[in-house]
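**Student:** Spelled out, the chains give:
Protein chains: 2
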Amino acid sequence: MTLPLARNIYFTGFMASGKSRIGSLTAASLGWKFFDIDKLIEEKTGKTIPRIFAEDGEPAFRRMEVEALREVGGQGPMVASLGGGTLINPEAIELIRRNGVLVGLHASPEVILERVNRKKESRPLLANLDDESKMAKIKEMLELRKPLYQLADLHFESDEKIPHHVLTRRIIHRLQVDELKPLTVELAERSYPIYVEENLAGHLDSIAAKAGCPQRFLIVTDQNLKSHQKRMLEQLRSCLGDCRIFFFKSGEEEKSLKSLNKLFTFMLRHSYPRKTTLVAFGGGVTGDMVGFAAAVYLRGIDFIQAPTTLLSMVDSSVGGKTAVNHPLGKNLIGAFYQPKAVAISLETLSTLPPLEFLSGMAEVVKYGVIRDPEFFAFLEENTEAILAKRPDLMRQVVLRSCAIKAEVVGKDERETAEGGRAILNYGHTFGHAFEVLGGYGAIPHGLAVALGMRVAARLAVSLGMLTAADEKRQNDLLDKLGMPKHFPRKLDENKAWDAMGLDKKVDDGSRVYILPKRIGEVVPVRDVPKETVLQALAVARESKGP
Amino acid sequence: MTLPLARNIYFTGFMASGKSRIGSLTAASLGWKFFDIDKLIEEKTGKTIPRIFAEDGEPAFRRMEVEALREVGGQGPMVASLGGGTLINPEAIELIRRNGVLVGLHASPEVILERVNRKKESRPLLANLDDESKMAKIKEMLELRKPLYQLADLHFESDEKIPHHVLTRRIIHRLQVDELKPLTVELAERSYPIYVEENLAGHLDSIAAKAGCPQRFLIVTDQNLKSHQKRMLEQLRSCLGDCRIFFFKSGEEEKSLKSLNKLFTFMLRHSYPRKTTLVAFGGGVTGDMVGFAAAVYLRGIDFIQAPTTLLSMVDSSVGGKTAVNHPLGKNLIGAFYQPKAVAISLETLSTLPPLEFLSGMAEVVKYGVIRDPEFFAFLEENTEAILAKRPDLMRQVVLRSCAIKAEVVGKDERETAEGGRAILNYGHTFGHAFEVLGGYGAIPHGLAVALGMRVAARLAVSLGMLTAADEKRQNDLLDKLGMPKHFPRKLDENKAWDAMGLDKKVDDGSRVYILPKRIGEVVPVRDVPKETVLQALAVARESKGP
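Chains as they are written, first to last, in our numbering: chain A, 16 to 561; chain B, 16 to 561.
Treat each hint with caution, since some may be false.
Given that identical chains are not distinguished, each listed pair holds provided it fits within a single copy or across any two copies.
Cut-off 30 angstroms, straight-line C-alpha distance, at most; resulting in silico cross-link-like pairs (DSSO-like, lysine-lysine) [unchecked claim]:
1) LYS273 with LYS290
2) LYS545 with LYS176
3) LYS277 with LYS264
4) LYS345 with LYS273
5) LYS277 with LYS510
6) LYS510 with LYS290
7) LYS245 with LYS404
8) LYS62 with LYS152
9) LYS225 with LYS426
10) LYS241 with LYS277
11) LYS277 with LYS345
12) LYS345 with LYS264
13) LYS545 with LYS290
14) LYS545 with LYS487
15) LYS532 with LYS545
Quick caveat, the hints were computed from the structure, so don't treat them as lab data.
As the structure is a computational prediction, the values presented were derived from the model and not from experiment.
I would like the entire structure built from these sequences, with the hints used as guidance.
**Tutor:** And the structure:
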């Protein structure tokens with residue numbers, strides 16, 4: 016409910032579709048004024064609508080409607096329920112669209128008949144008819160009015176199965192989501208939005224609806240979050256219709272086909288159909304696994320990323336690289352499979368442990384170096400406030416990082432273009448070696464990447480590609496953020512060389528390095544002599560002191 | 016080598032690229048005549064080329080070349096090697112293209128220099144130069160001639176690493192493959208060809224090359240085929256550069272994530288890179304598993320289907336549905352992932368056990384019923400010859416079945432359109448129940464489908480959609496082929512109803528039946544009363560006798 020909503024809301028729909036009831040509840044819930052256009056006209060003229068029709072004629076009534084719309088429209092933000100035929104008049108539609116959103120409520124003929132009979136008030140059009148004739152009349156009129164109601168910007172079912180307060184909440188949340196301006200990862204029919212807000216846990220159903228996802232959900236998360244994100248997890252569950260939650264055991268070593276199979280067994284036992292939306296709530300491991308599960312369960316179902324760590328917000332949640340580990344290496348079994356949406360709630364950052372925050376910041380600095388000198392300067396200028404996680408700055412940090420990643424991924428979805436998606440690997444080739452040498456988990460991914468960026472910059476300087484001043488600038492920022500300057504153990508450069516190779520060997524045999532030319536630009540470089548690389552690696556070695 | 020080749024072959028390339036050597040070997044291998052255009056002109060004129068240039072000028076020489084091309088072109092099929100500058104003349108290109116294919120041979124400047132120095136014969140352009148000047152000259156001329164050589168229809172590297180006979184075979188096979196007219200599954204950038212020939216085992220490298228697949232191969236097959244298809248497997252292996260073969264254990268129960276993981280471990284141990292082509296050689300189980308392995312190994316690599324059973328030829332190899340089983344059901348974990356090509360060698364059918372052949376024929380009949388009355392009539396008319404596996408008829412049977420499947424899949428790749436790909440499930444909903452009730456493996460898939468088609472037709476008749484005459488026509492053909500008329504055990508229709516439901520429950524809750532309206536057309540039908548379905552199921556029950 017923290018999201019802003021600025022436009023007037025107009026409800027349209029057939030008689031007894033719930034326009035007035037849902038309209039007034041919506042207004043109450045928002046603390047806005049509510050107007051029933053028909054009633055307003057009746058009050059103003061002191062005549063009932065049938066009398067106006069009879070005495071003044073329909074054209075006169077339509078003019079009164081426009082008059083009323085003009086009047087209430089200026090008193091916004093407000094909610095109004097329209098008459099059954101208001102939209103016949105193009106002038107009315109234009110007035111509504113000018114600063115409002117048109118919400119259509121739909122009910123089946125059976126529900127309408129039931130409601131009409133229940134209420135005391137007369138419905139002149141259906142007066143004095145038996146049920147069968149009423150039903151015939153309702154169906155006839157529904158068919159006739161259908162094109163009008165189709166004009167609505169949003170459509171909601173209003174039947175007895177959904178409690179009014181739930182429907183009201185759903186409408187408000189959907190309207191709020193519609194007013195957000197997400198980033199987009201442009202991938203033709205696989206494009207998707209990235210939302211970055213304070214807290215989106217209560218809006219995930221609306222984000223899913225807008226993205227065209229099925230409304231049957233399963234949240235998949237990590238056992239650690241049961242306590243660490245208890246409140247948000249509950250919010251999420253409640254928003255998603257009290258759906259089930261599946262918990263993975265925590266840790267990189269659980270990122271396996273075996274853990275995945277446990278999820279499949281759970282889903283099959285509970286008969287989750289193809290029309291299911293998985294929600295990945297957690298860090299990178301959870302996101303990668305849930306994405307891969309979505310890619311292969313019944314040959315592919317929808318999923319949404321709801322990352323809870325800085326690293327997963329700015330890196331793994333965006334881009335569709337999903338995978339599990341194999342005993343012989345990380346992320347070797349997987350798929351390129353895009354989420355339907357990414358919903359980032361910055362609030363989760365407040366409880367993030369310092370080392371995990373730092374790990375994410377390494378990737379953030381990386382975006383500056385590979386692509387965006389202005390962003391890099393912004394990080395330099397605001398280092399302290401960022402370390403204090405000042406919300407407005409964190410928002411910018413995450414937004415800009417995601418925007419850069421979205422741009423790179425949009426141009427090279429499957430990492431096939433030379434100098435395409437591979438530039439995101441800046442610092443990663445060396446970082447990978449540090450992770451392997453440290454033993455996975457000993458040195459956090461982001462910190463290994465930061466160290467890898469130092470090595471890459473040094474290599475670039477020694478190849479004459481980068482100035483020493485730019486190397487220093489990168490390293491100063493890393494220092495200021497508190498990134499490690501050295502590999503925490505004894506470093507054997509030759510072992511690092513071997514550890515580094517694995518990923519690349521799997522790729523095509525020759526070693527490619529992503530190296531900076533300046534702050535804001537990196538390029539792939541091949542065939543660097545081993546000696547030169549070993550020398551660059553030495554910058555990560557603990558110095559012997561003065 | 017059994018594939019036809021009709022066009023003249025013209026070799027072009029820089030000096031010492033091997034035009035004459037490879038050209039004459041190609042001709043010898045095909046039993047065709049060979050002409051060296053330069054030599055032909057020298058013989059005719061009694062002058063050396065340099066002398067013709069000097070005395071008559073280049074324009075005269077170019078006219079002589081055209082003359083020679085016209086003369087040899089009429090003596091085809093033949094192979095000719097062109098002079099280094101023949102393609103300068105557009106008239107020559109036109110003559111070549113008229114009934115021939117232009118093959119470009121390419122060698123690096125280093126290889127060219129080495130060859131030039133090795134040979135005694137004088138290369139006037141390079142005479143009296145030291146190695147450095149020769150190299151500079153070669154590079155300069157290569158750059159100059161590049162646009163000419165790029166005119167070739169096909170390009171081959173001709174270096175010392177590839178033995179001449181291997182290169183010759185590769186060229187011939189590639190030309191043969193180019194003359195084949197495969198079916199195409201039209202899926203935009205995922206489109207792929209289906210080749211149907213007697214034996215393609217020796218041409219798979221060329222099919223892969225034409226499809227743009229990496230030339231590093233791994234054959235994956237089923238342990239049973241080690242003996243059953245020993246000869247073809249060896250042919251395949253030899254054609255694919257003596258690549259490794261990975262054997263899955265045989266049987267539906269081995270179609271699991273666990274078996275898949277064994278393949279991954281094997282591939283990772285041997286460092287198969289992203290640029291690997293998997294070749295699935297075997298039946299449906301192998302094809303489904305290899306396809307899924309290709310979909311997720313390093314997030315997706317190329318694969319080719321080389322099916323060895325009738326069922327997999329006409330069904331699972333085409334369409335990109337890949338999967339493994341889960342203890343809770345068949346094919347529940349998988350991906351839509353298209354092969355780069357399907358290569359069907361009809362020869363494998365000759366050793367196929369009768370029951371497996373029959374199982375495939377059930378799907379064949381299905382194609383007639385769902386889409387093609389003419390094909391159905393063809394099957395009726397040729398039943399006996401088909402049962403005798405007459406090669407020309409089997410070719411038509413497989414081609415037409417694949418064509419229908421390709422058409423249906425092309426319109427609805429991911430089975431999302433109403434009445435799209437789902438029509439391929441004709442007979443399968445009921446068939447599935449029979450498979451479950453029988454215990455998987457007890458009743459072969461195709462035979463269960465045939466029985467399911469009988470039930471579906473009866474249901475259609477009882478709903479007034481299909482004439483009894485058309486039902487009889489379908490069943491008569493099934494009878495004539497020797498398909499079972501009844502479920503081989505005691506049939507409990509209520510249990511069948513429950514067994515049938517599972518797949519659909521997983522899909523969206525309501526039961527959809529694919530039912531025939533006539534021979535050649537089926538439609539999806541929803542909400543059929545349970546009683547009506549149970550009655551139709553009773554046709555599969557063993558009759559009590561008279």
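**Student:** Of all the hints numbered above, which does this structure not satisfy? Sort the numbers upward.
**Tutor:** No numbers; nothing is violated.
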